[in-house]
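Trainee: Here's the letter readout for the chains.
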Amino acid sequence: MLRALIQKELRALGRDWHALAALFLMPAVFIIVMSLALQGSFRPDGGEPLRWHVLDEDDSDSSRSLIDGFGQPPPARVATRNAADKALKSRALDAVVIIERGLAPVTVLADPGAPLVLVERLRAQWERAVAGALIAQELGVGAEALQRSHVRTQFVAREVLTSVQQSVPAWLVFAMFFVVVPLSNVLIVERNLGTLERLRSLGVPATALLVGKVIPFFFVHQLQLVSMLLVGRFVVPALGGDALQLDVALAPLLLVAAATSVAALGVSLLIAGLARTSDQAILAGAFVNIIFAAVGGIMVPKQVMPLAMQQATNLSPMAWGLEGFLDVFARRGTVIDVLPEATALTAIGLITLALAAWRIARAQ
Amino acid sequence: MTGAAASVRLNVDAVSFRYAADAPWAVRDVSFALRAGEVLGLLGPNGAGKSTLMRLIAGVRTPVEGALRRPPAPRFAYVPQDYAFYPTLTCRENLEFFAGVARLNGTRREQQVEKCLGTLALDSFANQRAGECSGGIRRRLNVAIGLLAEPELLLLDEPTANVDPQSRAFLLDLVRSLAGAGASVVYCSHYMEEVQAVCDRVGIIDHGSLLACAPLAELLASGGARELRLRAEGAFDTRLAGLDWRREAGDVWIASLPPEVRLSDVFAQIESADIPMSDMRVGLPDLEDVFLRLTHRALRD
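Residue numbers (the working numbering), protein chains in the order written: chain V, 665 to 1028; chain B, 79 to 379.
Looking at chain V on its own, in the form it has when it is part of the complex (with noise of 0.2 Å):
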């Protein structure tokens, strides 16, 4: 009976095309596109380089030393305000840096669409070299030595986490739970239809109606684990890309997984349970999917949502799924590492299923 429960419930998704895009290319095309759009904020160098030039109106010897202890080759110049304002406006540069008279102060001029992150970097990095001139100036030492960093960043896993990295996770455990969209495909007609009713005739109970749809479901959500990492793995790369890097703990990776499709599946069951239709229940899940991946760091990054914001996505139990997967992607955790997030997953997949399963006992 269970073989037959399993069966018809893949054939039906396979034949719903609509569910089959919800599943597999809406995951596929976010990570794609998600995965190049943040690449350079996640890169330390900030990715695609902040055009700018120098204008050097100081024009002394401490200026000329200034500029050509920038950095090698030293930055281009341009010779007037008028000249900086043209290539501004003109977008032909994202920044002029202008030296005043006197050495200082120092003014980054900025078009207002270049990323602050890396306007924010370039003025740092002039603080820095003027400081260390001036200082230099006083001290009578060489200025490179107080133009080097002396200080560095290094983090725990052991590389930074890029794009691509957060992009599979999170587009993955978005896509994970849209599996509401062919459950209540199917649980809808199956109600609405007397089906149901048929099946309960034939004895059989609810909670094999409800194995029968969690065990091909449950496969499909590793199918998808399957395809979004070889997605991160090759197709990012090939459209210019950081790749996934795969060499990670299975143990781990496989028990969030696992986790995260149990939540899913009740979450998803339950929608689809309380739905009375097909278009309800789609709008409920996407409803419900799209509020757990705003606050859940799916859409917008955890790290850059202010403090309140990343605390309160540990209300979604997408951001459950997500930290699991970082754990195991980023930090190269270990199943100690991912036991709380999987244990919370589960719990609420759990509850959920029982609530489902409840429904549909109910509509038999």
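The set of hints was computed from the structure by calculation and includes no laboratory data. Watch out, some of these pointers could steer you wrong.
[Said to hold, decoys possible] To give a feel for the contact side, a few chain V residues facing chain B, derived at Cβ under 8 Å:
| id | residue |
| --- | --- |
| 1 | Arg679 |
| 2 | Asp680 |
| 3 | Ala685 |
| 4 | Leu689 |
| 5 | Arg855 |
| 6 | Leu857 |
| 7 | Arg862 |
| 8 | Arg864 |
| 9 | Leu866 |
| 10 | Gly867 |
| 11 | Gln909 |
| 12 | Asp911 |
C-beta: ideal position from N, C-alpha, C; glycine also.
Model the placement of chain B on the given structure of chain V, informed by the hints.
Mentor: Leaving out everything else, chain B in the frame of chain V:
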């Protein structure tokens, strides 16, 4: 157990049901038995309680009072009024699925799927998605699913609703042949002519109560005396030929004929009255009349 008792396939004993403690009874104190090879028609208007009674027999609902005895699944089959299958699966895939649920395995499963496709003339639609088939084909598929496990008891709830005349005739023939092969059938409908055509016994149900349950002839005989109908234009004497005439509709008048009255005498008196008459019929009351007498409302109300 006596032979007669052993042949009883379904026993419904004082069954009552309501959807909530403060709701009116949907089925009230219904009792009947069904023997092997017998077709019982349940006749009643929409909302009379027929489908609820079918769900109680099918085990989808549990009686609040009374008891039911029937063969266990899959030795009985319930064919709901709706197209209770999966529209995105093909006809064959639907049959395979329900055969699996009914625990038919291996060769028997394949044989039964093929047999049901053949019996319901669905062979040429086997690989067509059920949701893309016509209403008649879907009705046939709905019934075919019910026949997969060759049930001893078949519960058919409005099996011909919204189907074309050919499919209706096909399904009625099928019911007759199933009964001929020994299956017991509860045939639920609000189409009087179907019930008259295929059922050995007829139960009339209204407001949840079984008002009558008897062989068709007996039920018709219980409808009362012979009746004479005539269509007459203009003024009409309601004591014509010494009978009590009442207007049935428009210019159609109807009178009961007591057993002692001779038809030839009545015809002679009508003839001598010389009234402009365009039609005259005499006969026993039909099922519609019986239904009207029992429920005080028309069947299709």
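Trainee: Each hint: holds or not?
Mentor: Results of checking the hints against the structure:
{"no.": "1", "hint": "Arg679", "in the structure": "5 Å, holds"}
{"no.": "2", "hint": "Asp680", "in the structure": "7 Å, holds"}
{"no.": "3", "hint": "Ala685", "in the structure": "16 Å, violated"}
{"no.": "4", "hint": "Leu689", "in the structure": "19 Å, violated"}
{"no.": "5", "hint": "Arg855", "in the structure": "11 Å, violated"}
{"no.": "6", "hint": "Leu857", "in the structure": "5 Å, holds"}
{"no.": "7", "hint": "Arg862", "in the structure": "4 Å, holds"}
{"no.": "8", "hint": "Arg864", "in the structure": "5 Å, holds"}
{"no.": "9", "hint": "Leu866", "in the structure": "5 Å, holds"}
{"no.": "10", "hint": "Gly867", "in the structure": "4 Å, holds"}
{"no.": "11", "hint": "Gln909", "in the structure": "40 Å, violated"}
{"no.": "12", "hint": "Asp911", "in the structure": "41 Å, violated"}
The structure fails to meet hints 3, 4, 5, 11 and 12 from the earlier list, while all remaining hints are met.
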